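**Q** Given next are the chains, with one letter for each unit.
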Amino acid sequence: MTGTVAVTERDPGRQIALVDLLDRLLGTGVVLAGDVVISLAGVDLVQVRLHALITSIRAEMVEPR
Amino acid sequence: MSEAPRLFPQRLETDAESVERDLFKLVLTIIELVRQLMERQALRRVDEGDLTDEQIEGLGTGLMHLEQAMEDLKARYDLTTEDLNIDLGPLGPLLSE
Amino acid sequence: MTETGRYLYAIARDLDPQVLAEVPALAGGRLEVVEHRGLTAVVSSVDLEEYGEDGLRRNLENLPWLEEVARGHDAVVQATATRAPTAPLRLATICLDDDGVRERLDAWHDALEEVLDRVEGRREWSVKVFARPRPAQVAADSPPAAVSGAAYLQRKKAETQAREADEGTAVAVADEVHAALAARSVAGRRLAPQDPRLTGRADRMLHNGAYLVEADEGDAFATLVDELATAHPDVVVECHGPWPPYSFATLEQP
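Protein chains in written order, with numbering that gives the first Met the number 0: chain A, 0 to 64; chain B, 0 to 96; chain C, 0 to 253.
Worth flagging that the hints you see were computed from the coordinates, not collected in a lab. Hints are supplied without guarantee of correctness; some may be wrong.
Quick partial rundown of chain C residues pointing at chain B, CB under 7 Å, derived from the structure [to be verified]:
no.	residue
1	G148
2	A149
3	Y151
4	L152
5	K155
6	K156
Only pairs whose alpha carbons sit at most 25 Å apart, straight line, appear in this in silico SDA-like list of lysine to any residue [as the list claims (entries may be wrong)]:
no.	chain 1	residue 1	chain 2	residue 2
7	C	K155	B	A74
8	B	K24	B	D82
9	B	K73	C	R154
10	C	K155	B	R20
Over 10 Å on every C-beta distance to chain C, these chain B residues come out as not near it, computed from the model [what the hints assert, rightly or not]:
no.	residue
11	D21
12	F23
13	I30
14	G48
15	I55
Note that the structure is a prediction, hence the values are computed from the model and not measured. Even for Gly, the Cβ is constructed at its ideal location relative to N, Cα and C.
Model the full assembly from the supplied sequences, consistent with the hints where possible.
**A** Here's what the structure looks like:
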């Protein structure tokens with residue numbers, strides 16, 4: 000089975016995908032923030048900063064050698 | 000500009016009906032992460048060869064039960080491993096599948 | 000009276016301002032040019048309430064705003080780049096006034112000349128490589144009692160090794176594709192793989208490459224991409240272009 004190749008020639012109607020455009024137009028590219036916001040009935044209640052949580056778990060899980 | 004744009008912040012929109020499931024999803028994600036870290040660490044220890052056969056058996060059985068427990072929990076709330084994965088941006092996805 | 004600034008879209012050489020005649024500017028403004036030392040900045044006036052530092056901080060997190068501005072910006076860049084060597088600028092490069100624009104042109108002059116030499120007569124192509132969709136995972140149905148603890152760990156180790164082997168293969172394919180394409184381009188760049196939730200593609204992106212190709216070698220490049228795709232049936236290859244040279248014209252803007 001051959002790989003599928005989509006070769007697109009630009010015509011006036013053809014757009015660059017937004018994610019590609021933003022990657023190139025924004026200095027930092029496009030990143031999804033890794034915070035989880037828990038809301039109830041439309042009210043944001045809790046923001047869980049998972050970065051910090053993961054760091055502390057890893058530190059405890061790895062035994063010192 | 001220094002900050003990356005925050006697109007699609009993960010928002011667990013809950014209401015009275017779905018709050019249980021949604022919060023559970025978050026909790027399960029953390030548990031699943033810990034489970035995977037434990038498994039990885041166990042494999043490392045086994046590789047290092049400083050465990051007795053008894054210890055290896057105990058580890059394996061324990062982890063196996065843990066995996067089964069996770070499957071049961073996920074099934075109860077109709078969640079797949081995909082559902083549990085949260086993207087941490089520069090840190091990549093939370094679970095390494 | 001609200002404060003306005005000058006939004007810079009791109010800087011070009013030997014640009015005939017007429018090519019901008021029918022192209023809309025952002026925020027209902029009007030495209031104009033500021034010329035200095037042989038280089039032309041394409042600009043339009045914008046409201047600093049919306050495009051100033053505070054405004055941007057707000058608006059950059061607003062996806063509909065971001066999309067509208069990105070598209071508007073791109074439309075101007077494309078109109079310019081198809082007719083003259085062009086250095087596209089990043090989104091939201093703002094100067095207070097035309098004197099400010101001229102100052103920038105002055106400060107960046109040499110770097111710009113270099114960039115324009117690099118991109119003149121060339122176009123950017125995007126080539127992405129995706130892993131093929133994985134076969135559905137076998138359901139973990141075996142009851143715990145059927146397997147010993149040690150055997151369970153063995154299985155997990157085998158799964159990890161298989162995953163790592165796949166990873167190694169994927170990296171090798173990406174490297175090979177990139178090397179082959181870069182060899183036939185003026186320049187090649189590896190961009191960060193894109194998050195599946197942004198692309199809408201479930202499959203893992205193994206490679207996100209940008210290549211600077213002579214304008215009249217586009218067909219040859221596309222043919223090469225085809226050949227690479229055929230040589231690697233285990234992946235999906237996607238090619239888009241020609242685009243303005245976004246990935247090859249960046250000045251590190253202070």
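**Q** All the hints need checking, so say for each whether the structure fits it.
**A** Now for the hints, and whether the structure bears them out:
With a cut of 7 Å, the hint placing G148 (chain C) at the interface with chain B holds, because the nearest CB-to-CB distance is about 3 Å. For A149 (chain C), the interface hint holds, the least distance from its beta-carbon to any beta-carbon of chain B being 5 Å, beneath 7 Å. Among the interface hints, the one on Y151 (chain C) holds; its C-beta lies about 4 Å from the nearest C-beta in chain B, closer than the 7 Å criterion. Because the smallest distance between the Cβ of L152 (chain C) and any Cβ of chain B comes to about 4 Å, under 7 Å, the interface hint for this residue holds.
With a least beta-carbon distance of about 6 Å to chain B, the hint placing K155 (chain C) at the interface is held under the 7 Å criterion. Against a cut-off of 7 Å between C-beta atoms, the interface hint on K156 (chain C) holds, since the closest Cβ of chain B lies about 5 Å away. Taken as a hint, the K155 (chain C) and A74 (chain B) pair is honoured in the structure, with Cα atoms around 21 Å apart against an allowance of 25 Å. Note on K24 (chain B) and D82 (chain B): the hinted pairing holds, with a Cα-Cα distance of about 8 Å set against a maximum of 25 Å.
In summary, the hint linking K73 (chain B) to R154 (chain C) is supported, as the alpha carbons are separated by about 22 Å, within the 25 Å threshold. Of the pairs offered as hints, the one joining K155 (chain C) and R20 (chain B) is violated, with about 29 Å between alpha carbons and a cut-off of 25 Å exceeded. Chain C leaves D21 (chain B) outside its interface by the beta-carbon criterion, the shortest separation being 18 Å against a cut-off of 10 Å. The non-interface label for F23 (chain B) is consistent with chain C: the shortest C-beta to C-beta separation is roughly 20 Å, beyond 10 Å.
Residue placement check: I30 (chain B) keeps its beta carbon more than 10 Å from all beta carbons of chain C (closest about 16 Å). For G48 (chain B), the shortest C-beta to C-beta distance to chain C comes to about 13 Å, beyond the 10 Å cut-off, and the non-interface label holds. A beta-carbon of chain C is positioned within 10 Å of the beta-carbon of I55 (chain B); the least distance is around 5 Å.
Hints 10, 15 from the earlier list are contradicted by this structure; the remaining hints agree with it.
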